[in-house]
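Asks: Per the working numbering, the first sequence runs over residues 1 to 241.
Derived from the structure by calculation, the hints contain no laboratory data.
Fair warning: this is a prediction, and the values are worked out from it, not measured in the lab.
Errors might be hidden in some of the hints.
Said to hold, decoys possible - Taking lysine to aspartate or glutamate pairs in the EDC-like style, the calculated list, with each CA pair at most 16 Å apart, reads:
#	residue 1	residue 2
1	Lys81	Glu109
2	Lys178	Glu138
3	Lys178	Asp156
4	Lys100	Glu80
5	Lys100	Glu57
6	Lys150	Glu138
7	Lys150	Glu205
8	Lys64	Glu84
9	Lys178	Asp201
10	Lys100	Glu40
11	Lys150	Glu72
12	Lys178	Glu164
13	Lys36	Glu21
14	Lys223	Glu138
15	Lys215	Asp156
16	Lys150	Glu84
17	Lys178	Glu157
Claimed, not checked - Estimated spans, in silico, between C-beta atoms of each pair:
#	residue 1	residue 2	range
18	Arg128	Arg235	39 to 45 Å
19	Thr8	Thr37	21 to 27 Å
20	Asn197	Pro34	20 to 26 Å
21	Asp194	Glu80	45 to 51 Å
Beta carbons are placed, not taken as given, at the ideal position from N, Cα and C, and that holds for glycine.
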Amino acid sequence: MSSANNKTRPTPARRLRTMHETLAQAYGPQHWWPAKTPFEVILGAYLTQNTAWKAVERSLANLKNAGAVTLEGIRALPVEKLQELIRPSGFVTRKAQAVKAFVALVDEEFRGSLARVAATPAGPLRTRLLGLPGVGPETADAILLYAFGKAVPMADEYLRRIVERHRLISPAPNHNRKGYEALTSLTRDAFAADSPNRHADLYNEFHALVVAVGKAHCGRTAKCGGCPLAGDLQRYGPKVL
DNA sequence: CGCCAGGCCGTGT
DNA sequence: ACACGGCATGGC
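Please build the complete structure, drawing on both the sequences and the hints.
Replies: What follows is the structure in structure tokens.
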């Protein structure tokens, strides 16, 4: 046997489901995504790529002042002006072009209607989004889940760290596409026993809680002191990193 | 003043 | 397939 308590150790999916409850107790309802409209969610999803949310807030404030938190607002904006407005969140060349490309997709393939985009089934829509420049799996899933309410689990750097540090999955290949899918697959498994009509809400809340705990405790170096999940790690994990 | 943030992409092996 | 830098900017 590899360890003394193998028999009583829950499956990784079970542990993750329990961690969701622990986080929900610790942090309460998160009311995600922090945005008023689906399009604002989408803009935030682009802008927050490898960027602190605080910086995204300043960019969104700039866009609001310019009346550009709408499809038509972005359409009317020259890319140079768009770059200027989103400058606080960095990677402006790429992000401005990427946002323009999203609007172009809506215009050219959905006749300018975000509602028509939202009405598209999650699978095909995910493929379309992944075909856009500046949209990887996480951005695509954030849009599907938080802008359009699809029952799509999402993962991020924080979840990867939590899952790795708690040894829920093997040390794993770094960062690549396969690693991301392992995380979303594990998340699906974690909530598989829950009613399907609750999955969208559960995925929504779970990721929001992961970010909440992640910001406080799951930086590049772990800050496990005071972490609500420390008990789980102590009980089942080999050691705190 | 360095490190880093709610990733993605191109290039090299 | 997978590792590795670069990408821009501002907070702490």
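Asks: All hints, please: hold or fail.
Replies: Verification of the hints:
Of the supplied pair hints, the one linking Lys81 and Glu109 is violated, its CA atoms being roughly 25 Å apart against a limit of 16 Å. At roughly 13 Å between alpha-carbon atoms, Lys178 and Glu138 fall within 16 Å of each other, so this suggested pair holds. Of the supplied pair hints, the one linking Lys178 and Asp156 holds, its CA atoms being roughly 13 Å apart against a limit of 16 Å. Between Lys100 and Glu80, the direct Cα distance comes to roughly 11 Å. Compliance with the 16 Å bound is thereby established for this hinted pair.
Note on Lys100 and Glu57: the hinted pairing is violated, with a Cα-Cα distance of about 19 Å set against a maximum of 16 Å. For the suggested pair Lys150 and Glu138, the alpha carbons sit about 14 Å apart, so the restraint of at most 16 Å is met. Simply put, Lys150 and Glu205 have alpha-carbon atoms about 13 Å apart, close enough for the 16 Å limit, and the pair holds. A hinted pair counts as satisfied when its Cα atoms are at most 16 Å apart, and Lys64 with Glu84 qualifies at roughly 13 Å.
This hinted pair does not check out: Lys178 and Asp201 have alpha carbons roughly 25 Å apart, beyond 16 Å. Distance restraint check for Lys100 and Glu40: the Cα-Cα separation of roughly 14 Å lies within the 16 Å cut-off, and the hinted pair is therefore satisfied. At most 16 Å may separate the alpha-carbon atoms for a hinted pair to count; Lys150 and Glu72 exceed this at roughly 24 Å. Proposed proximity of Lys178 and Glu164 is supported: the alpha carbons are some 14 Å apart, at most 16 Å.
At roughly 27 Å between alpha-carbon atoms, Lys36 and Glu21 are farther apart than 16 Å, so this suggested pair is violated. Proximity of Lys223 to Glu138 is assessed by CA-CA distance (about 24 Å); at most 16 Å being required, the pair is judged violated. A hinted pair counts as satisfied when its Cα atoms are at most 16 Å apart, and Lys215 with Asp156 qualifies at roughly 12 Å. For the hint linking Lys150 to Glu84, the alpha-carbon distance of about 32 Å lies beyond 16 Å, and the restraint is violated.
For the hint pairing Lys178 with Glu157, the CA-to-CA distance comes to about 14 Å; that is within 16 Å, so the pair holds. Our hint of 39 to 45 Å for Arg128 and Arg235 holds, since their Cβ atoms are close to 43 Å apart. Hint check: Thr8 to Thr37, Cβ distance near 47 Å, so the stated range 21 to 27 Å is violated. For Asn197 and Pro34, the hinted distance range of 20 to 26 Å is satisfied, since their beta carbons lie about 25 Å from each other.
Checked against the given bound of 45 to 51 Å, the beta carbons of Asp194 and Glu80, roughly 47 Å apart, stay inside it.
The structure is inconsistent with the numbered hints 1, 5, 9, 11, 13, 14, 16 and 19, although it conforms to all the rest.
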